[in-house]
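Visitor: Spelled out from the first residue to the last, the chains are:
Protein chains: 2
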Amino acid sequence: MIPDEIKKFIDYFSRLPLFGPRQATRLAFYLLSLDKNEVKNLSSALGNLANLDICERCFFVKVGGQRICGICSDPARNMKNIAIVEKETDLLTFEKMNKWNGHYLILGRLAERGTLGHSERQRLEKLKERIKNELGGTADEIVIALAATAIGDFTADLIREEFKNLSKKITRLGRGLPTGGEVEFADETTLLHSFEKRS
Amino acid sequence: MIPDEIKKFIDYFSRLPLFGPRQATRLAFYLLSLDKNEVKNLSSALGNLANLDICERCFFVKVGGQRICGICSDPARNMKNIAIVEKETDLLTFEKMNKWNGHYLILGRLAERGTLGHSERQRLEKLKERIKNELGGTADEIVIALAATAIGDFTADLIREEFKNLSKKITRLGRGLPTGGEVEFADETTLLHSFEKRS
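Quick mapping for you: the protein sequence lines, in order, are chains B and Z. Residue numbering for the first sequence follows numbering that gives the first Met the number 0, beginning at 0 and increasing consecutively. Residue numbering for the second sequence follows numbering that gives the first Met the number 0, beginning at 0 and increasing consecutively.
Mixed in with the good hints, there may be bad ones.
As the list makes no split between identical chains, a pair holds if one copy fits it or if it spans any two.
Below 27 angstroms or equal to it, Euclidean Cα-Cα: the simulated DSSO-like pairs (lysine-lysine) are [what the hints assert, rightly or not]:
1) 168 <-> 35
2) 35 <-> 7
3) 7 <-> 95
4) 98 <-> 125
5) 35 <-> 6
6) 168 <-> 79
7) 125 <-> 79
8) 39 <-> 7
9) 35 <-> 196
10) 196 <-> 127
11) 127 <-> 7
12) 167 <-> 95
13) 39 <-> 6
14) 98 <-> 35
15) 86 <-> 6
16) 125 <-> 163
17) 6 <-> 127
Quick caveat, the hints were computed from the structure, so don't treat them as lab data.
Hey, can you work out the whole structure from these sequences and the hints?
Guide: Take a look at the structure:
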């Protein structure tokens, strides 16, 4: 009764985050209301993601066929400064700040139990190699740009310990009131941080 | 810095309902973490929707090349009974009930101001033609399966008026407490309906 094309679409798309079967069904019928060319454009925009690969130096995305990503290969950037971020979208937000001219390491999702997973450990090892092979054993600065959460704090401490002899400076992002933040509504920890960092 | 493939994906997908640029960005990076074959499967599941068309009899989807949809062409169904639903997903829910063996008309989205739009008017005209040409001018029953809202009520009244000479019976879905509904939390209109329909 329902054409196979729709069943298949719902089956595949309901496995994605953001989607359940209900959302996938609604999206299917929405797509059917669009011009067929638009559907084809969406399909190839999706399929073209398969042209991309993961940069084996910083773990951001790179164009397939290239050895490393556009950031790692940019000669205008300072490879002695390295920001460690959790995920690709954190890197994008960091780039939007327009203030960071260093390189990155995408660490991967922080485990909920506070210990680093196998893949995250491997990526940190890769960073150590980078520092040894490319920077003669010492980075200028490692910015640990992890979330201001208990797990972020815990992981940052682990990283600080592991890299203490591999970088002149290891920093974390400052904490305090967010822009637009009212003192009245700040939680105690935020207020305490902002009080200690008053200037 | 960001590969074009990702920019294009975000550009196209953030135009879809459910998505903003943030959701599209997250989905892009999620897809990059998948196996490339899976990405290609998703891409073709999406692209294959372009093989489908709209049934010109009831406005549900049909396989491209077929004249009418699987429901309209099913000889086991009774074409003298017609359920008018707002959208395709309403039809799917109706089918899951496993109780309806008639045909359908997908009316299209109810306007917020209560008057029928151009496309909805055209679809009702098409249904009138169906009844005249295929049923000799009289259907057995038209079930107006629209939402139990003010707009649904208003539209149902319009349809009832327009089809009063074209069907032996015109009904609407019954109203009352939903399954699991507590009397305590029922709004007054629901309770009033369920009281009047007590049996």
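Visitor: If a hint holds in the structure, say so; if it doesn't, say that too.
Guide: Comparing the hints with the structure gives:
| no. | hint | in the structure |
| --- | --- | --- |
| 1 | 168 <-> 35 | neither (55 angstroms within a copy, 39 angstroms between copies) |
| 2 | 35 <-> 7 | both (18 angstroms within a copy, 18 angstroms between copies) |
| 3 | 7 <-> 95 | between (38 angstroms within a copy, 18 angstroms between copies) |
| 4 | 98 <-> 125 | within (25 angstroms within a copy, 62 angstroms between copies) |
| 5 | 35 <-> 6 | both (18 angstroms within a copy, 21 angstroms between copies) |
| 6 | 168 <-> 79 | within (11 angstroms within a copy, 80 angstroms between copies) |
| 7 | 125 <-> 79 | within (15 angstroms within a copy, 71 angstroms between copies) |
| 8 | 39 <-> 7 | both (16 angstroms within a copy, 13 angstroms between copies) |
| 9 | 35 <-> 196 | neither (56 angstroms within a copy, 47 angstroms between copies) |
| 10 | 196 <-> 127 | neither (31 angstroms within a copy, 74 angstroms between copies) |
| 11 | 127 <-> 7 | neither (45 angstroms within a copy, 34 angstroms between copies) |
| 12 | 167 <-> 95 | within (26 angstroms within a copy, 66 angstroms between copies) |
| 13 | 39 <-> 6 | both (18 angstroms within a copy, 17 angstroms between copies) |
| 14 | 98 <-> 35 | neither (43 angstroms within a copy, 34 angstroms between copies) |
| 15 | 86 <-> 6 | between (33 angstroms within a copy, 17 angstroms between copies) |
| 16 | 125 <-> 163 | within (16 angstroms within a copy, 76 angstroms between copies) |
| 17 | 6 <-> 127 | neither (48 angstroms within a copy, 31 angstroms between copies) |
Comparing the model with each numbered hint stated earlier shows that hints 1, 9, 10, 11, 14, 17 do not hold.
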